[in-house]
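*Asks:* Here are the chains, one letter per residue:
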Amino acid sequence: MPWQLLAQRSGAVLRWFDVTNQGRLDLDKAAAEGLINERTKIISVTYVSNVLGTVNPISHIAALGHAVGATVVVDASQAVPQLAVDFAALGADLVAFTGHKMVGPTGIGVLWGRYELLAALPPFLGGGEMIEIVTMEGSTYAPPPHRFEAGTPPIAQAVGLAAAAQYLGAIGMDQISDHERDITAYALQGLRTLPGLTILGPDEAVDRGGAVSFTLAAPDGQPIHPHDVSHLLDSRGIAVRAGHHCARPLHERFGVQSSTRASFYLYTTHAEIDALIDGLDYTTSFFGGLR
Amino acid sequence: MKVEDLYQEIILDHYRTKHHSGLRQPYDAEVRHVNPTCGDEVLLRVRLDGDTVTDVSYEAMGCSISQASTSVMTDLVIGNDIAYDLDLYEEFLTMMQSKGQIEPDEERLEDGIAFAGVAKFPARVKCALIGWSAFRDAVLRAQSEPKASVVKEMEQ
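Here the protein sequences come in this chain order: A and B.
Residue numbering for the first sequence follows this note's numbering, starting at 1 and increasing by one per position.
Residue numbering for the second sequence follows this note's numbering, starting at 1001 and increasing by one per position.
Simulated from the structure, these hints should not be mistaken for laboratory data.
Note that this is a predicted model, so its numbers are computed, not measured.
Idealized CB from N, CA, C, for every residue including glycine.
It is possible that some hints are incorrect.
Residues of chain B placed beyond 10 Å of chain A at every Cβ, according to the derived structure [to be verified]:
hint, residue
1, E1004
2, Q1008
3, L1023
4, D1040
5, D1051
6, D1055
7, D1087
8, Y1089
9, T1094
10, G1100
11, P1104
12, L1109
13, L1140
14, R1141
Chain B stretches covered by chain A per the calculated footprint, using a threshold of three residues with CB under 8 Å from any CB of chain A [stated by the list, open to error]:
hint, region
15, 1026–1039
16, 1056–1065
17, 1118–1130
Build out the structure end to end from the sequences listed, making use of the hints.
*Replies:* Next comes the structure, spelled out in structure tokens:
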């Protein structure tokens, strides 16, 4: 949607990658359609999908983009909390992630960028700290990062975000990554045993993050709406997300109105996954009229 | 209140067998209402004859609460005076906004009283209201826009 706003402002044409039925980025189709070509200015992809859990091959896509002179922008909001990310080795030009998905505060995030690129970008907000010299005729601007940090910054949030990063660093991103893979594999294994449950995205814990979206149907085949699923799970102390997860077109691609999403992190235990599976089993029976 | 009590048999029955479902001709106004947080949608039509609501037809996607509430609403409003129906809307709205504090009038709201429990769950109040809001909107539009048939008569 932000890219639609940009396209409206700039007259750029917005084109989309498709995904395979398994929920992987369909790079073959993109190549066949010439999606990335000499007119491509920006390629924007998510590192780890917040709906499908898919881990996308960023270095490969960045190489394809750079071959045609495009700037490669990556949303790493689901990747940075779960994987040890080497930003320089990733190959992307701009990488964004958010505090609230890495046990940090809300309302703050990080934009990492290649310095030459940031230095070439104009300010997007005016205010204190972003200026160099101000005269009545005109102004010059501070170099990055201050150029993009106009006004009073969210100081408390920044301190909180730093504490979160130090906390995760002390545990070790490799350990967190191993736990995430283990808990996701355990959850996928459990979810696959439930009749009527369909996983959106890869159903094996290979190149996959710890967010699992699914649809659920009663024994008579009647779909159970995610809002009903989440409400019953909530009454058992299980928190899931119901709806589009900010990705309505993706749900249309899979022919479903909406989905339920369970997300796991460093604190999630096997016992909690068992409770989720039990809760879903109960939900299916309840709406199937068996209880 | 246990969540199982929220899903009363009346609600599940209406969810499984929706009354007056489907889009029908003729109609005087058509509206689409959505709930962006969960993706629920209802496309609803009303047919008026003078001051009487003669039909409400709809196509809806959504959770059991929204589907059942829309079904119950059609049972309650079809065949009545517009003024009576708009009062009924206000009554249902008041009940849904009461956080479960209001004892609903079963004589007037009939199956609608099953949603009194939903009012205790703020996240679900919108679900129960989407069909009713669409109905009210459609009636007001039908009244404000001159009907095609009326326009033709005036031209003649």
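*Asks:* Determine for every hint whether it applies to the structure shown.
*Replies:* Here's how the hints hold up against the structure:
no. : hint      : result
1   : E1004     : 7 Å, violated
2   : Q1008     : 13 Å, holds
3   : L1023     : 18 Å, holds
4   : D1040     : 8 Å, violated
5   : D1051     : 36 Å, holds
6   : D1055     : 26 Å, holds
7   : D1087     : 29 Å, holds
8   : Y1089     : 23 Å, holds
9   : T1094     : 23 Å, holds
10  : G1100     : 16 Å, holds
11  : P1104     : 21 Å, holds
12  : L1109     : 22 Å, holds
13  : L1140     : 28 Å, holds
14  : R1141     : 26 Å, holds
15  : 1026–1039 : holds (count 3)
16  : 1056–1065 : holds (count 5)
17  : 1118–1130 : holds (count 4)
In this structure, the earlier hints numbered 1, 4 are contradicted, and the remaining ones agree with it.
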